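S.K.: For the sequence shown, the tail end lands on 343 under the numbering used here, and the numbers increase by one without skipping.
No lab work stands behind these hints: they were computed from the structure.
Take every hint as true, because none was put in to throw you off.
16 Å max Cα-Cα, derived EDC-like pairs, lysine to aspartate or glutamate:
1. K219 to E238
2. K198 to D260
3. K198 to D259
4. K219 to D241
The following label-pair restraints were derived from C-beta to C-beta distances:
5. D260 to P300: 34 to 40 Å
6. A224 to D260: 41 to 47 Å
7. G320 to L217: 23 to 29 Å
8. I270 to P300: 29 to 35 Å
9. A224 to T292: 46 to 52 Å
10. Y258 to L217: 26 to 32 Å
11. S332 to D282: 29 to 35 Å
What you are looking at is a predicted structure, and each value in this text was computed from that prediction instead of being measured.
Note that the Cβ used here is the ideal one computed from N, Cα and C, for glycine as well.
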Amino acid sequence: MHRLPASAFINRDLSWLEFNRRVLAQAQDPRTPLIERAKFIAIFASNLDEFVMKRIGLLKRQIDAGIEQRSPDGRTPREQLDASRTLMLELIRDLCTCYDDLRHALDERGIEIRRHDELDEADRRQVNTWYRTNVFPVLTPLAVDPGHRFPFISNLSTSLGVMLSRPGHAERSFARVKIPTTIP
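Construct the entire structure; sequences and hints are all you get.
M.R.: And the structure:
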């Protein structure tokens with residue numbers, strides 16, 4: 160039986176990332192309606208999250224285990240990880256450019272995405288009131304210190320690392336705050 164050369168195969172991970180490039184291309188296409196472009200950005204980001212969790216995690220475990228077995232296209236786990244990282248960085252740069260372009264297109268139509276420090280005083284008060292009413296009550300900081308080990312951080316969750324101190328005390332402590340998915 161004739162064995163095909165490694166060059167006859169396409170790497171599974173790089174192929175997956177190239178597919179995701181095509182998803183991003185839909186978001187980059189100015190002919191795509193703006194809301195659809197935003198949806199394609201979200202799909203791209205979700206796909207990339209899943210890829211990193213599953214495929215990059217697997218490659219890292221293989222490297223840590225000392226596995227050197229080559230993929231059908233002839234790459235070791237380390238070579239696959241390096242190639243994936245290079246391509247992901249390129250895609251993320253493209254994503255940032257695409258997002259900036261989308262923001263400008265939305266701005267031209269009177270839809271603004273603004274940072275807190277860009278708001279006027281009335282808008283800032285309204286956002287702060289909404290935060291105190293809807294967000295603050297559901298936040299629970301978990302201390303990390305010798306008596307409390309670092310808390311589990313689940314996949315696809317958002318957490319913040321914060322430094323806490325009591326008013327009038329110089330001592331600071333580190334805490335993790337998980338952002339609930341139930342916030343509107």
